[in-house]
Amino acid sequence: MNNPQLDADGRLRHLLSIEGLPKRILNQILDTAESFVGVAEREVKKVPLLRGKTVCNLFFENSTRTRTTFEIAAKRLSADVISLNVNTSSQSKGETILDTVDNLIAMHADMFVVRHSQSGAAHFIAKHVPDHIHVINAGDGRHSHPTQGLLDMFTIRKYKPDLHNLRVAIVGDVLHSRVARSEIHALTTLGVPEVRVIAPKTLLPTQVEKLGVHVFHDMKTGLKDVDVVMMLRLQNERMNGAMLPSAQEYFKTYGLTQDKLNLAKPDAIVLHPGPMNRGVEIDSSVADGSQSVILPQVTYGIAVRMAVMAMLAGGQNSGSQAGSQA
Amino acid sequence: MKIQIKNGHVIDPKNNIDSQLDVFIAAGKIVALGKAPEGFIASQTIDASNLIVCPGLVDLSARLREPGDEYKATLISELQAAVAGGVTSLACPPDTDPVLDEPGLVEMLKHRAKQLNLAHVYPLGALTRQLQGKVLSEMGELREAGCVGFSQANIAITDTQVLWRAMEYAATFGFTLFLHAEEPFLAKDGVAHDGEVASRLGLKGIPSAAEALALASILRIAKETGARIHISRLSTAEGVDMIREAKKHGVNITCDVSANHLHLTEHDIGFFDANCHLKPPLRTQRDKDALGAGLKDGTIDAICSDHTPVDDDAKLAPFAEAEVGATGLELLLALTLKWANQEKTSLAKAIALISQSSAKILGIAAGDLSVNANADICIFDANEYWKIVPSALKSQGKNTPFNGLEIAGKVKTTLINGQVVYQSE
Amino acid sequence: MTSKNISLPHAEDLLKTLAQKVQPLLQANTALVGIQSGGVWLMQKLLVLLEKDIAANAIEHGTLDVSFYRDDYEKRGLKAENRPSQIPFDVENKHIILIDDVFYTGRTTRAAMNELFDYGRPASITLVALVNRGGRELPIAPQITAADIALDASQNLQLIQNQDGTLSLELQSLNFNQSQVHKHE
Chain A
9 MNNPQLDADG RLRHLLSIEG LPKRILNQIL DTAESFVGVA EREVKKVPLL
59 RGKTVCNLFF ENSTRTRTTF EIAAKRLSAD VISLNVNTSS QSKGETILDT
109 VDNLIAMHAD MFVVRHSQSG AAHFIAKHVP DHIHVINAGD GRHSHPTQGL
159 LDMFTIRKYK PDLHNLRVAI VGDVLHSRVA RSEIHALTTL GVPEVRVIAP
209 KTLLPTQVEK LGVHVFHDMK TGLKDVDVVM MLRLQNERMN GAMLPSAQEY
259 FKTYGLTQDK LNLAKPDAIV LHPGPMNRGV EIDSSVADGS QSVILPQVTY
309 GIAVRMAVMA MLAGGQNSGS QAGSQA
Chain B
797 MKIQIKNGHV IDPKNNIDSQ LDVFIAAGKI VALGKAPEGF IASQTIDASN
847 LIVCPGLVDL SARLREPGDE YKATLISELQ AAVAGGVTSL ACPPDTDPVL
897 DEPGLVEMLK HRAKQLNLAH VYPLGALTRQ LQGKVLSEMG ELREAGCVGF
947 SQANIAITDT QVLWRAMEYA ATFGFTLFLH AEEPFLAKDG VAHDGEVASR
997 LGLKGIPSAA EALALASILR IAKETGARIH ISRLSTAEGV DMIREAKKHG
1047 VNITCDVSAN HLHLTEHDIG FFDANCHLKP PLRTQRDKDA LGAGLKDGTI
1097 DAICSDHTPV DDDAKLAPFA EAEVGATGLE LLLALTLKWA NQEKTSLAKA
1147 IALISQSSAK ILGIAAGDLS VNANADICIF DANEYWKIVP SALKSQGKNT
1197 PFNGLEIAGK VKTTLINGQV VYQSE
Chain C
4 MTSKNISLPH AEDLLKTLAQ KVQPLLQANT ALVGIQSGGV WLMQKLLVLL
54 EKDIAANAIE HGTLDVSFYR DDYEKRGLKA ENRPSQIPFD VENKHIILID
104 DVFYTGRTTR AAMNELFDYG RPASITLVAL VNRGGRELPI APQITAADIA
154 LDASQNLQLI QNQDGTLSLE LQSLNFNQSQ VHKHE
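Chains as they are written, first to last, in the working numbering: chain A, 9 to 334; chain B, 797 to 1221; chain C, 4 to 188.
Please note that a few of the clues may not be correct.
Unchecked claim - Computed far set for chain A versus chain C, every beta-carbon distance over 12 Å:
(1) Ser43
(2) Lys168
(3) Thr210
(4) Thr214
(5) Lys232
(6) Lys260
(7) Ile302
(8) Met314
Stated by the list, open to error - In silico BS3-like links for lysine-lysine, alpha-carbon gap of 30 Å or less:
(9) Lys31(A) x Lys78(C)
(10) Lys1000(B) x Lys260(A)
(11) Lys168(A) x Lys82(C)
(12) Lys82(C) x Lys135(A)
(13) Lys984(B) x Lys218(A)
(14) Lys54(A) x Lys19(C)
(15) Lys31(A) x Lys1000(B)
(16) Lys135(A) x Lys1194(B)
(17) Lys61(A) x Lys78(C)
(18) Lys209(A) x Lys1194(B)
(19) Lys61(A) x Lys82(C)
(20) Lys53(A) x Lys82(C)
(21) Lys82(C) x Lys83(A)
(22) Lys984(B) x Lys135(A)
(23) Lys135(A) x Lys1075(B)
(24) Lys135(A) x Lys831(B)
(25) Lys1134(B) x Lys1194(B)
(26) Lys1190(B) x Lys209(A)
(27) Lys218(A) x Lys1075(B)
(28) Lys78(C) x Lys54(A)
(29) Lys1183(B) x Lys218(A)
(30) Lys930(B) x Lys135(A)
(31) Lys218(A) x Lys1084(B)
(32) Lys135(A) x Lys1000(B)
(33) Lys53(A) x Lys78(C)
(34) Lys83(A) x Lys78(C)
(35) Lys135(A) x Lys1183(B)
(36) Lys82(C) x Lys31(A)
(37) Lys135(A) x Lys78(C)
(38) Lys24(C) x Lys166(A)
(39) Lys1019(B) x Lys1134(B)
(40) Lys1075(B) x Lys209(A)
By construction, these hints were calculated from the structure, which means they are not laboratory data.
We put the beta carbon where it would ideally sit given N, CA and C, even for glycine.
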């Protein structure tokens, strides 16, 4: 099956999921992001790379945070940005997804950043857009959130440059988490030798070991000697009895407190994709503490998203160009 | 009209015929095989050289979408699709709109179908009113109107007491119940098999246990009530084992498998191919192998097309939101032949699985070429390849996971009641 | 197309000439900026050759990777190797000595100037190139060069860094049937 994310020359055409991307592309994104970190620290925080291009944030699922970071990233590349929040109530579907996309293409959008509540939505849209349009998945159902996975890897690389010697633990609702899936694929593809998931059985997907992770149900054993702790957000719906009895019980068994964190290596770092449920999956003292790299994640998130957009927008026509003098 | 089908290789599993013979038809019936009856002068001759002549295929489940969902498909288009696929008799499930729980609706459907003079339609009546699983339908009346059995389509009865009573009532009159084994709470909102692929793709899964648990209930109640049960669209290795055991213990049960499940697994979903959004879901390689083995050893009695046409827009959505179903009537023969070839199963056995066996399950006089049987005949080229593309299909449902596949087994001529109703170009 | 037999000067010799010409520019409030990659190698050599004057005037230095400012971005995309620009001083009101290896069409210089201006407003920019190979496409020219070598479009002149750290010039002829074209400007 042709990888829909890569073009015939093996270059990135869409960013839909970390799964299926070769290591060299992941590294290329991370290396490119390095350059963009510097841009944010300058007086003029812009580069002209995407000038004249229109980036459209197509959010079928609400999210102010993610949408804002993509907007900032696009603007720093000098792109024009349109943001569309499409309300999908079950009663009134209104326009179909493809109709919305087609209309935006007719208005000369060049790049779509898509978030949707259904797994596979980004793949679906990518399948139906013309060749010159690029799609970035900003989160589809439980399936994938590739820019989050990438910015998490960028952050880890900053603090723990030797990825080949790390133990990483992902804690929380893996079953419903697109962030977790993307993180797992990124970690394993980039060669992190030990990836753990820590969660009650009700919050783990069937056959999760097949993704290349070690399964733990107990924080105390799961966090032992770990270098990186990646916390996942617990959504309110899960706490209403069917999967978990209560937020209190969850915090007691799987919440990250300083005590539990002390079981990890003393220089272990803590990540969280945000927004945080303080007192549910993470204690405030840890979230605000010295081992937390949660705020840097946000900064790096913009650089990583700039890198992705830059890579997608550039170099798509270079094949034979004899005589072109740049 | 007197017709002679010449030089064809006749395969009639019921009568153990598997050789080159001519077939003679008069007044809509088969009058002889091999030698012409005395004084027989054919007004039409069909040259079946290098072709297989077999009983018209009998399909256990084809959705015709009438009444109610005419934008998806109509009786005409789907019955044309049936005969283009060599299917001369088919059963249709009761999940139409309105539901087939009124004798009047059944009569109207049968009447309309009969007028078209295409494939014979045998409706399955709703087991409960509106398929809601609360109140039994008037099975006696529906039987009179022409239902050959009763079904809940894909909607499970959650109240075990109701299921028990329904089976008891049906058993009283010897009606056959066509049931889909799926525990509704475990299957709720599920769109794919609960396993490695669904976990990776972030799709809500339906565990194999959903089929096994429902099957266990059905088998137990069948044992107590003596109801005659047919399990529609088996999908798990566990399910095959359970039915094998039940048959060993003399339970009056039959079952079928969809042609799709003989060839596809969860991995075929690939990058969220909505054409693979099916019910029951495509499961693992192990399940697929077990289903094949079940067909070979007689645990599974028949293959069915599970024809479920959907309009194009309905599949143009993210996987979970895409409508369930695939077109199947025109693929049943070719997919069965493909399976038989792979498994080194004889052509005769394969054809039996889509004609004689299904006819027996439905309790209809079809699926064989006995003398005095209805001249419902399928003539096909087992070696001719054709490409499965929308333009090659007569059904309004163009969506199939096999889109683009080149496959062997082309229907050349189909006869119903001794008349040619389909001739390939 | 066959390559003409031009005898190329030694880069290390040209460097000395360049250093001599640059020396008078090293005054207060001046900074050196090298353009990746050749310009950076040259700058590093000049930092050594002109050590005394540089220290005496507190001359700062930085590097520019102009990838994000190129005008052919859509065709060429990003290079696989990416070194971030590093300008650790305030560009505002500085006299910038911009260093490149081979001056060709002038587009790299334009990109570099655009990027510099995003850091601040310099007092002046003096363009220094080891070689001017002719063929400019914009009204831009180096104020200081060590050599002028006229070449045609079929030839590609590159500065390379040898294993032992020395620099040399290399001339390649371009086959127009090749799909990959990497032009130095």
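Hint by hint, here is what the structure shows:
| no. | hint | in the structure |
| --- | --- | --- |
| 1 | Ser43 | 4 Å, violated |
| 2 | Lys168 | 20 Å, holds |
| 3 | Thr210 | 44 Å, holds |
| 4 | Thr214 | 39 Å, holds |
| 5 | Lys232 | 37 Å, holds |
| 6 | Lys260 | 45 Å, holds |
| 7 | Ile302 | 24 Å, holds |
| 8 | Met314 | 10 Å, violated |
| 9 | Lys31(A) x Lys78(C) | 24 Å, holds |
| 10 | Lys1000(B) x Lys260(A) | 28 Å, holds |
| 11 | Lys168(A) x Lys82(C) | 25 Å, holds |
| 12 | Lys82(C) x Lys135(A) | 28 Å, holds |
| 13 | Lys984(B) x Lys218(A) | 25 Å, holds |
| 14 | Lys54(A) x Lys19(C) | 38 Å, violated |
| 15 | Lys31(A) x Lys1000(B) | 29 Å, holds |
| 16 | Lys135(A) x Lys1194(B) | 18 Å, holds |
| 17 | Lys61(A) x Lys78(C) | 15 Å, holds |
| 18 | Lys209(A) x Lys1194(B) | 41 Å, violated |
| 19 | Lys61(A) x Lys82(C) | 20 Å, holds |
| 20 | Lys53(A) x Lys82(C) | 21 Å, holds |
| 21 | Lys82(C) x Lys83(A) | 22 Å, holds |
| 22 | Lys984(B) x Lys135(A) | 28 Å, holds |
| 23 | Lys135(A) x Lys1075(B) | 24 Å, holds |
| 24 | Lys135(A) x Lys831(B) | 59 Å, violated |
| 25 | Lys1134(B) x Lys1194(B) | 20 Å, holds |
| 26 | Lys1190(B) x Lys209(A) | 48 Å, violated |
| 27 | Lys218(A) x Lys1075(B) | 25 Å, holds |
| 28 | Lys78(C) x Lys54(A) | 21 Å, holds |
| 29 | Lys1183(B) x Lys218(A) | 36 Å, violated |
| 30 | Lys930(B) x Lys135(A) | 44 Å, violated |
| 31 | Lys218(A) x Lys1084(B) | 20 Å, holds |
| 32 | Lys135(A) x Lys1000(B) | 22 Å, holds |
| 33 | Lys53(A) x Lys78(C) | 24 Å, holds |
| 34 | Lys83(A) x Lys78(C) | 21 Å, holds |
| 35 | Lys135(A) x Lys1183(B) | 23 Å, holds |
| 36 | Lys82(C) x Lys31(A) | 16 Å, holds |
| 37 | Lys135(A) x Lys78(C) | 24 Å, holds |
| 38 | Lys24(C) x Lys166(A) | 42 Å, violated |
| 39 | Lys1019(B) x Lys1134(B) | 36 Å, violated |
| 40 | Lys1075(B) x Lys209(A) | 27 Å, holds |
Of the numbered hints given earlier, the model fails hints 1, 8, 14, 18, 24, 26, 29, 30, 38 and 39; all others are met.
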